[in-house]
Structures are given as structure tokens and as C-alpha cells.
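Visitor: Protein chains in written order, with our numbering: chain D, 1 to 300; chain Y, 1 to 245; chain W, 1 to 280.
One should not assume that every hint holds.
Computed Cβ-Cβ distance ranges for the label pairs, DEER-style [said to hold, decoys possible]:
1. Gly41/Y to Asn260/W: 29 to 37 Å
2. Ser183/W to Ile185/D: 20 to 28 Å
3. Arg264/W to Ser167/Y: 31 to 39 Å
4. Leu150/D to Ser140/Y: 39 to 47 Å
5. Pro13/D to Glu72/Y: 52 to 60 Å
6. Asn90/W to Ile139/D: 53 to 61 Å
7. Glu65/W to Ser142/D: 34 to 42 Å
One side only, chain D facing chain Y, incomplete, derived with CB under 7 Å [to be verified]:
8. Trp76
9. Tyr191
10. Gly199
Since the hints were derived computationally from the structure, they do not count as laboratory data. We put the CB at the ideal spot given by N, CA and C, even for glycine.
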Amino acid sequence: MSLATSAGAGSKPGVFLLRIGRSLKNALTKLSREPVGLFGFIVLSILIVVAIFAPLIAPYSPTTQNLPNALQAPSWEHWAGTDEYGRDILSRLIYGTRITIQTVLAVSLIVGPIGMLVGIVAGFVGGRTDAILMRFTDIVLSFPSLILALSFAAALGAGLETAIIAISLTGWPPIARLARAETLIVRNTDYVAAARLYGASPLRVLFLYIAPMCIPSVVVRLTLNMAGIILTAAALGFLGLGAQPPAPEWGAMISSGRQYMLDNWWVAVMPGIAILLTSLAFNLVGDALRDILDPRHARS
Amino acid sequence: MIEVSNLSVSFGSGEARRQVVQGVSFVVGKGETLGIVGESGCGKSTVLRSLAGLDRHWEGDIRLAGKPVDRERSREQLKLAQMVFQDPYGSIHPRHRIERVLAEPARAMKTGDGWSRVAPSLEQVGLPANFAERFPHELSGGQRQRVAIARALMLEPEILLLDEPTSALDVSVQAEVLNLLSDLREERNLTYVLVSHDLSVIAHMCDRVLVMKDGTFVDELDKGALEKGETHHPYSEQLFEASFL
Amino acid sequence: MPAPETVLSVRDLAVRFGRSGVRAVDGVSFDLGTERLGIVGESGSGKSTLGRAIMRLLPNAAHVEATTLDFDGKPLLTRPEREMRTLRGNRMALIMQDPRYSLNPVLSVGKQVAEAALLHAKIGKKDAYAKAAEMLARVRIADVERVMGLYPHQISGGMGQRVMIAMMLLAKPRLVVADEPTSALDVSVRGDVLNLLDDLVRENNSGLMLISHDIRMVAAFCQRILVMYKGRVVETLTKLDEAQHPYTRGLIASMPDPRNPVRRLQTLDRRAIDAMEART
């Protein structure tokens with residue numbers, strides 16, 4: 001390992017950048033040895049690029065109707081065909097990545113920190129705090145997320161934000177459990193004992209010693225969860241409780257394409273392929289991340 | 001330096017209550033090295049962890065540097081005694097660079113920034129200064145144990161508690177670490193309590209040895225007795241024979 | 001000491017790992033008769049890899065090569081994995097540092113030993129249990145009835161090694177590879193376990209490879225010692241006093257000896273050792 005042998009005499013930020021560069025390079029080398037994971041990463045990168053530059057990439061407007069052109073089969077003009085209002089499906093799918101990525105990111109950013117906080121505190125403090133927090137987690141965990149989202153949407157009105165909140169509400173318990181399990185292991189290690197001996201405060205131990213050990217597995221878990229988030233979001237869209245028309249949400253697209261499925265298969269199948277590919281990519285990336293970040297799962 | 005009287009430790013409660021240490025008393029003078037030898041489960045590590053302040057189930061009286069210490073140690077009391085653990089792979093945070101490992105004691109205690117003392121402390125335990133950049137997994141077992149010793153000395157304690165510090169190391173590396181510990185003891189006039197199952201390591205390092213069995217001390221041997229192989233109890237005789245096949 | 005009959009014959013054994021081609025074991029040759037052979041070295045010297053290479057228990061990333069690797073007069077390297085598996089259960093045995101990992105965690109100790117009896121003695125189920133109890137008594141386990149009902153995680157390390165040895169008394173292996181069998185045990189039971197191992201190999205007229213870092217223990221127990229350094233055998237000894245190589249001498253000198261107290265322990269002069277190695 002040639003890491004960190006050349007001690008840089010540069011400034012602090014310089015050293016910092018150098019270190020980040022080195023660990024990135026390291027991660028990329030490891031990734032290149034996992035062809036399947038690499039495929040997932042490439043698919044995801046394309047998705048993100050597409051989401052950012054959607055207006056430049058999409059050949060047509062996602063919402064402008066063109067009724068004479070309705071329900072056209074895939075052709076050179078419309079690669080994925082057109083829907084019942086004559087809108088280009090490919091363009092709608094391209095704009096739809098924005099909604100999907102938005103949902104996934106928002107849910108992960110809510111679920112990750114909440115789950116980690118609950119789990120680490122429960123594991124570290126232990127005793128009654130642990131019991132209360134974990135029973136609460138169990139209760140939330142036993143809620144079917146789709147039903148909760150349904151009631152939530154009914155109460156707050158359907159929309160993308162409601163869908164995000166509803167998915168987040170039921171999404172954090174698995175993360176909390178994972179973080180608690182990691183914390184229980186780390187809490188009893190000798191390095192935490194040593195930290196207690198040199199007077200590190202509980203907060204210091206929590207943030208500097210325990211949290212860094214939990215982050216890798218939480219990140220892996222979140223990535224694997226993302227596939228599920230996409231599916232739940234699509235299901236909500238399908239039920240008409242997610243993003244509202246005419247927003248090009250993939251689940252909603254399948255839902256409206258359902259009526260024409262027998263004669264015009266592409267209206268429902270194209271968004272289905274998009275959902276399949278994206279959730280597959282997230283799963284592959286999650287698996288690859290686990291191999292890279294977590295040495296316990298490393299292949300021989 | 002260390003006065004322990006009537007130290008008892010028990011874990012669990014009710015039916016499952018087990019008394020691990022049964023009212024032991026001993027004194028260690030300044031600059032002296034006391035060894036505690038015994039088999040796994042005899043309570044020797046528990047005695048050490050109670051001295052350090054890691055176990056809080058003890059009863060009795062512990063005085064460090066003349067002052068009685070509490071079960072819940074204050075920062076001042078923690079500074080008196082630091083500990084070196086058995087497993088050099090588990091006693092250093094795997095995601096901290098060595099510089100952070102060594103700076104942490106001072107930073108946690110809020111006695112200076114700690115970073116500036118990393119290089120001299122590495123040098124003191126015979127490691128090159130550029131090791132500061134490395135992660136623990138880039139170091140060998142012996143090098144990690146040196147880092148652990150350097151970390152224990154960062155707060156300049158007068159007492160070092162050593163829990164099987166070399167039993168996870170190769171003999172040749174063990175020799176290097178034991179020599180380092182001897183040198184540091186001389187330079188800083190440190191007081192050691194060394195716990196081990198290896199009588200030859202104990203005999204090499206210690207001025208006095210307590211033989212522990214089932215939570216009590218059954219024998220006490222001084223340097224002369226160790227050299228001659230004299231014992232005063234059948235159990236220590238048995239240990240002696242088993243150690244030198 | 002020439003062995004009366006050869007159990008294992010090894011010539012130019014080399015083990016390479018992965019694409020890097022680092023040789024963990026490099027050109028090792030020896031013969032093992034019905035004797036106790038010690039293999040000594042530091043961690044990373046290749047001693048454990050050697051043991052596992054002979055048992056063919058290394059992962060696929062390891063390339064094992066040898067001009068000869070004969071067990072009982074027949075080559076080992078060319079055998080199919082299926083044949084190796086039956087061989088490992090019957091004719092060769094491996095004793096590891098922590099026996100609790102080699103035992104099946106969901107079967108009681110008694111069941112496992114009885115299973116071995118069933119397999120090797122070709123007797124009925126009832127007799128197998130009786131036989132198992134007899135074997136456990138032979139490895140000096142007191143209170144056999146109670147121990148037979150325990151699960152591997154409930155027994156101590158010393159007890160676990162005894163159970164392993166009891167199972168081998170039934171299988172009667174021709175070759176026993178013991179990899180640090182005593183280093184996880186308390187000093188007072190080490191002697192017992194070694195003596196039981198000795199009984200085992202004497203009774204079955206088999207060969208024992210004792211792999212350990214503890215050169216003094218090996219010297220006390222084995223008839224011959226191979227000293228390994230960086231994958232090579234640097235010296236073969238019958239007594240520690242004969243040691244010529246600076247590595248062996250360094251290893252011996254670095255161990256504290258209460259009967260000859262020194263102020264500072266000697267450490268290995270690795271440069272001198274490497275210079276010596278470069279010459280040969």
C-alpha cells in the first residue's frame with residue numbers, strides 16, 4: 001500500500017485535498033475490480049446527468065399535448081412512442097428522472113440522519129432509553145408503509161412532498177436498528193475504553209468514535225433502500241397519491257398507460273423499464289459499496 | 001504510589017451474582033513494577049480495570065499517588081493512571097490516523113491542541129514521524145502497540161497499567177516492546193502494574209509478582225525467588241512447571 | 001533422526017498468492033516419518049500456509065507448486081477435491097488454535113464424537129455413544145456425561161482441544177497438522193494437551209507437524225524442528241543448542257528466561273539475517 005508514505009509538507013487544506021484525492025482513487029481502483037457494480041455506477045451517473053440536463057436532452061416538451069399524434073408506436077421520431085395525449089414518452093421519462101432522483105435524495109437525507117441518531121443514542125445510552133427508543137422503532141416498523149402513505153396523502157392532500165414525508169416516516173427504523181447494532185459492538189471495544197480513560201466526553205465518543213464506524217454500513221443500507229424507495233414512490237404515483245398530473249412521474253405514467261396496455265404496450269412498458277433499470281442500478285451499487293466499504297463482506 | 005485495600009469486584013445480581021475479585025490488598029511503590037500472574041478468569045484483568053477506572057463495580061479502597069479515587073473518575077484522577085491493552089488491533093480506532101490517535105488524549109482533556117506533540121511522542125517510542133499520516137491497518141502489531149504506549153503516555157501519567165501488552169505479538173517483537181517499556185520506566189520513573197499469564201515475561205519485567213487464583217492472591221514472589229524458582233504455594237509451583245516445559 | 005517410514009514427502013513446495021506472485025512459502029523440502037516435527041517461525045513466516053498447503057485447504061487464489069508432495073507414497077496435488085475431502089476426514093487431520101471454530105456449533109459435543117465413531121468404527125448408534133464416552137474419558141475429561149451434553153460454545157479451549165483429539169483417536173489419522181494448538185490455552189493445560197497429542201500419534205503410529213511460534217515449547221516436545229523465515233526453511237535442528245543461523249539464535253535470545261535474567265532482551269538483527277539469507 002503506497003498510501004500516505006509521502007508526508008506532504010503543504011498547507012492543511014492542501015493535505016486534506018490530497019488525502020481525499022487518494023481515497024477516491026483507491027475507491028475507484030476497487031470499483032474497477034467489480035464489473036457489475038461498475039455497471040450500476042455508470043447507469044446511475046447517466047441518470048443523474050440526464051436529470052440535470054433534462055431540458056437539453058429531451059427532444060420534445062414533456063407536457064405539451066399533441067392529440068393528432070396520440071398513441072404512436074416507437075419510431076425514429078418518437079423512440080419510446082407517444083401516449084394518449086400525443087406526448088413523447090422518452091421526453092417524459094427524461095423529465096421523470098428529476099422527480100425520481102429528487103424523491104430518492106430527499107428520503108435518504110431525512111431517513112439517514114434520523115435513523116442513525118435514534119440507533120446510536122439507543123445503543124450508546126442503553127438501559128431505559130434504549131428500551132423506549134427501540135420499542136417505538138418496532139411500532140413504526142410494523143406499519144405497512146404504503147397504507148401509512150395512503151392515509152397520509154388522504155390527510156394532507158396528494159403530492160410529491162406528501163409522498164416523500166410518508167415514505168420517510170416508515171423508512172428510518174431499519175437504519176436505526178442497524179446503527180444500534182453497530183454501536184453495541186463499537187461501544188465495547190478497547191479503543192472506546194481507552195477514550196473513556198483519557199476523559200473523552202460522551203458526546204465526543206458518540207461523534208468521533210462511534211458514528212464514523214456506523215456510517216459505512218448505513219450508507220450501504222441507504223443505497224440498497226433507494227431501490228425500495230423508487231418502487232414505493234412509483235406505487236404511490238400509480239395509485240394517484242404521488243406527483244400529480246401532468247408531472248411525468250414514472251408510476252403515474254404506468255397507471256395512465258394501463259388502459260391502453262393491450263393495444264399500445266409501450267405506454268406502460270417504457271416507464272416500467274425505466275423503474276426496473278433504476279432500482280436494479282441502485283441495488284448493484286449498494287452491493288458494490290458494501291464490498292468496498294465494509295471489509296467484513298470482502299470477497300477473497 | 002498505588003495502595004489497594006480490600007478490593008472486591010462482583011458482576012451481576014441475585015442468583016447470577018459472581019464475585020470475581022475477593023477482597024485483595026496490595027501496595028506498589030513509586031518506580032516499582034508489580035506483576036500479577038494467573039490463568040484466564042482468575043480476576044487479574046478485573047483488578048487492573050478497576051485500578052484504571054474502567055470497571056465501576058468495585059468495593060474497597062483504591063489510592064493512587066496518595067489520594068483516594070472514586071468509582072466515577074474525575075479528569076484529574078484519570079490522569080494518574082493510563083492503560084495499555086492486550087490487543088493492538090482492537091485498541092486503536094481503525095478510522096483514525098495515527099496523528100489523531102495521539103492527539104486525542106490532550107484534546108479530550110482540553111490540555112492544549114495535541115497535534116504539536118504527535119511527532120515527539122512517536123519518536124519517543126521509536127517510530128518515524130511520518131507514521132502520523134498512516135492509518136492503523138498500515139502498521140504491524142508491534143508498531144501499533146508502540147502507538148498504544150505513546151497514547152497512554154500523552155497525559156504524562158505516573159502509573160502505567162499493562163494488560164498482557166505483548167501476548168498478541170511475536171517473541172522477537174515482544175522483546176522490542178518489553179525493552180521499550182523498560183527504557184520508558186527508567187526515563188520517566190514510571191510505576192507499572194503488569195498483568196500476564198506468561199510467567200517468563202512477568203519475571204523479566206517485574207520486581208515483585210502476585211500469583212492470583214480464583215479472585216485471591218495465593219502467593220507473592222520477589223525477584224530472587226523468581227530466579228531460583230522458589231514458590232510458597234502448590235498452585236504457583238504448578239504454574240512454574242507448566243511455564244517451563 | 002531418519003524416520004522408519006515416510007508419511008509425508010515434500011520437495012520444493014512453493015505457494016504464491018494472487019497475481020502479485022508473492023511467495024508465502026518458497027522452496028520447502030522435508031520428509032515426515034512417524035515422528036513429531038516442529039515448525040517454528042514468526043507470524044508471516046509462512047508456517048501456517050505450509051500446513052494448509054499440505055492439507056490443500058488454501059483458498060483458490062493461492063497457487064501451490066511442488067516437485068513432490070506425496071502422502072503415504074501417493075501424490076496429493078493431483079487429487080480431485082472430492083478425494084481430498086474423504087482424505088482430510090480420515091487420513092489427515094488439522095487441529096487449529098481455537099477448537100471451538102472447528103466443531104459444529106449446533107451439535108452437542110457428545111453427538112459429534114459419536115458421529116465420528118459411527119463413521120470410523122462401523123458400529124451401531126448405541127455403541128457409538130458408548131464409544132464416544134470412552135474416548136472422551138481417555139482424553140481425561142472428567143464428568144463425561146455432562147460434557148457430552150454441552151455445545152461447543154459452552155466448553156473451554158482446553159476442553160475443546162481434548163474433544164478434537166478424542167475425535168481423532170477414532171479417525172486414526174496418519175498425519176496430524178497442529179497449528180498453534182496450545183496458544184489459546186492456559187499454561188497449566190498446555191502440557192496436558194501436548195501429552196495427549198503425543199499419545200495420539202504414538203498409538204496410531206502417525207506423523208505430527210506441530211506449528212508454533214514458541215520455539216522453546218516446540219524444542220521440548222518435538223524430535224526435529226524446522227525454522228522458517230520469510231517462507232523458507234533456514235535451519236533444521238534437533239536441539240536448540242545446535243542453532244547456527246542468526247535468525248534462530250535471535251529468536252531464542254529474544255525470549256525472556258527467568259533463570260538467566262538480563263537487563264535488556266536481545267532483539268532480532270534483521271539486517272544480519274537478510275544478509276545471511278542473501279548469501280545462500
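Visitor: Do the Cβ positions of Arg264/W and Ser167/Y conform to the proposed distance bound of 31 to 39 Å?
Guide: violated (20 Å)
Visitor: Holds or violated: the 29 to 37 Å window for the beta-carbon distance between Gly41/Y and Asn260/W?
Guide: holds (31 Å)
Visitor: Please check whether Glu65/W and Ser142/D have a Cβ separation lying inside 34 to 42 Å.
Guide: violated (58 Å)
Visitor: So does Pro13/D sit 52 to 60 Å from Glu72/Y, Cβ to Cβ?
Guide: violated (41 Å)
Visitor: Taking the CB of Asn90/W and the CB of Ile139/D, does the distance hold inside 53 to 61 Å?
Guide: holds (55 Å)
Visitor: For the pair Leu150/D and Ser140/Y, does the Cβ-Cβ distance stay inside 39 to 47 Å?
Guide: violated (58 Å)
Visitor: Under 7 Å is the threshold here; is the Cβ of Tyr191/D close enough to any Cβ of chain Y for the hint to stand?
Guide: Check passed: Cβ of Tyr191/D comes within 5 Å of chain Y, closer than 7 Å.
Visitor: Can you verify the interface hint for Gly199/D: is its Cβ closer than 7 Å to any Cβ in chain Y?
Guide: holds (5 Å)
Visitor: Let's test the interface hint: is any C-beta of chain Y closer than 7 Å to that of Trp76/D?
Guide: violated (54 Å)
Visitor: If I claimed the Cβ atoms of Ser183/W and Ile185/D lie 20 to 28 Å apart, would that claim hold in this structure?
Guide: holds (25 Å)
In this structure, the earlier hints numbered 3, 4, 5, 7 and 8 are contradicted, and the remaining ones agree with it.
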